[in-house]
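Number of protein chains: 2
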Amino acid sequence: MNNFSFQVPTTIHFGEGQIRKLASSLKVYGKNVLLTYGGGSIKRSGLYDTILDELKNDFNIFELGGVEPNPRIETVVKGAEMCRTHDIDVVLAVGGGSTIDCAKGIAAARFYDGNPWDFTSNSRLVTKALPIVTILTIAATGSEMNGGSVLTNLETKEKLSFHSRHVIPKVSILDPTYTYSVPSYQTMAGSADILSHLFENYFNKTPDTMVQDGIAEGLMRTVYHYTPIALKNPEDYGARSNLMWASSMALNGLTGSGKAGIWSCHGIEHELSAYYDITHGIGLAIITPRWLQHILSDKTADKISQFGHRVFDLTLDANRMTTAQETIRIVYETFVSWGVPMTLGEVGIDDSLLEEMAVQAITHKPLNTETYVSLSKDDVHEILKMSLTEMNF
Amino acid sequence: MNNFSFQVPTTIHFGEGQIRKLASSLKVYGKNVLLTYGGGSIKRSGLYDTILDELKNDFNIFELGGVEPNPRIETVVKGAEMCRTHDIDVVLAVGGGSTIDCAKGIAAARFYDGNPWDFTSNSRLVTKALPIVTILTIAATGSEMNGGSVLTNLETKEKLSFHSRHVIPKVSILDPTYTYSVPSYQTMAGSADILSHLFENYFNKTPDTMVQDGIAEGLMRTVYHYTPIALKNPEDYGARSNLMWASSMALNGLTGSGKAGIWSCHGIEHELSAYYDITHGIGLAIITPRWLQHILSDKTADKISQFGHRVFDLTLDANRMTTAQETIRIVYETFVSWGVPMTLGEVGIDDSLLEEMAVQAITHKPLNTETYVSLSKDDVHEILKMSLTEMNF
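Chains as they are written, first to last, in full-length UniProt numbering: chain A, 1 to 393; chain B, 1 to 393.
No lab work stands behind these hints, which were simulated from the structure alone. One thing to keep in mind: the hints can contain errors.
The list treats identical chains as interchangeable, and a pair is accepted whether it falls inside one copy or across any two copies.
[Said to hold, decoys possible] Straight-line distance between alpha carbons at most 25 angstroms, and here's what the computed BS3-like set of lysine-lysine pairs gives:
#1 Lys21 - Lys259
#2 Lys170 - Lys128
#3 Lys170 - Lys27
Predicted model only: the values in this text are computed from it and were never measured.
In isolation and in its complexed conformation, chain A is listed as follows:
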């Protein structure tokens, strides 16, 4: 286990009806609130009205709706400008990871004179931020309990992140009933995203990290158990609550602290999203089993088969390659069984830009040095080509 510092100061109010703690959570910071949200699903669900009702007497609400699924840097700039104009005290992000990530960009950009896109190449430029409170409406990115933010620059076809303790949400309200209306496609994409965070931290070279791996294995079992239940019955409280809490646990430092190195699949997927604006979790579901297949070797078979043993209850075959191969098959077939489109063609991506995206992936992240298994541009290109066709086992 490597040295680390762990700090997750976010106060979580979890469960049905916790919205009643919203006003008291905000008023610590002031009266002027920037309310950010996405495409309007919170208006259809009634949550928007509930929020205004809770806040109407004591706060001045300024709204920034229409935050994109892959939030654009232009929206961050616009939000920061609103914060300056209206002397905003606190940013209230209502939605999923995109809305919360955008809020983080806004909260930090409020105090930055340059172009906030700079943060993605140097997170240390974030030296101060407005406080952020979130109301989560989809279980996926974990942004509600960490300091990460992924932003998109469509002009340069870049989707990049920054990380700062200054933008960790102060309070997040997690009411599983708010995810009842999440459509099947977004539910499975969210679960794929949670799983990917767990996979990326799990497949790592740092030795003696059983605490982190044991937590990850438990969370992976949870996601595999409850996702089909939520898909079948979107209003199953047990399923929605476990998926929601798993999303926060998967990326708040518990499974990654004490490990070195960087992620593999996210680096590749961010190119797909940047070039084609596809749903992040779906891109991850497509990439992950091909990546596992590509890196399967004597060196990785032990860890992959341990994963299959702990998460899918596979018996550890004397030949670990057999168990590892069966694990990869189950990863793939499970996504298929949920209904995830599992080839690039199904999400509108052909082979024309695969090599260009592979080059970009290596340019943006040191995939060829600091990952679980080092990936060259050709490896990434190969994984992308494998993603064009169905996998056969």
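Position chain B relative to chain A; hints supplied.
The following block gives chain B in isolation, referenced to the frame of chain A:
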């Protein structure tokens, strides 16, 4: 899953050499430091000198050594008095759970005019506390990352707790090398304590808590894996680091949040410690397998066998009673294999006060209503009687 609020604001600096962050962690709060520690092992290990060396230039250090293994209320009163006299700004607790729990009592009692023993019957009397920084020297109670404190009143033969967010440590320094010198007996007692925290939260009636249970299963596997390694080689960094981080994770809210009810074995063991001043973790190791055996039934066999399956890799027998019984045997035999004294006689307790302790256990905690399986006075008495002799399977 039940509603809950989760807040763990403690900053953890984990790993060898993190002591270098001590001065900067303290100076946020002021210059006057109350340094508390236990029986002097930190002087023998050299940690005491290291701390004074780190702090000598910028702080005024006042010392309260000799905190008892089951910290006494008189020591809390004395420490609070020192805080008033010397205008203490921050309490630095160096040691294990006892020292940290005592520091929590002191930090809260500093601002309380009555007898701080009052906190154990009403935690709400804690409305303010001095900030606490800890340096952990044994993996056990998890006190370094939560707001709980267990105090002992030898006069009334009571060992009771209070809980307050005001006494959650601000910063805890977790350097696994500081546990290299922990003797075998305390190492196994610490591991038993960690396991007991996990068991107590795991065996619970609240449905749909797979996130919490999955995390607990991973942590239990970790403790079972690394304890014999640490016993064999006390300076195994991988073992000591995993046990240390597991101790914090086991009782910081991760495995208990979202669950209702109260614990069983701790309520019983606290009477043993209060009457006989025995090592808490050893008492828990003795009580736990008897308690499991006593509550084993058709209603509990599923959960006990799930535990055996996930933690000991047992195959789930068609007859769950068989798997559950085998699980209990392994719990018992594992403690024996570590060298834990597994009967009351071996820790100096005879049958003379068992019934009195059973009465007190029921008086102090609603064991007969809010536990996993309701326990009457007679049940507790039976579990204590079972603890007089070895278990046979």
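Consistency of the hints with the structure:
For a Cα distance limit of 25 angstroms, the shortest separation of Lys21 from Lys259 across copies, 20 angstroms, qualifies, whereas the shortest one inside one copy, 35 angstroms, does not. Within a single copy, Lys170 and Lys128 get their C-alpha atoms as close as 14 angstroms, and across copies as close as 21 angstroms, so both meet the 25 angstroms cut-off. For the identical chains of this complex, Lys170 and Lys27 are neighbours both inside a copy (12 angstroms) and across copies (24 angstroms), given an alpha-carbon limit of 25 angstroms.
Of the numbered hints listed earlier, not one is contradicted by the structure.
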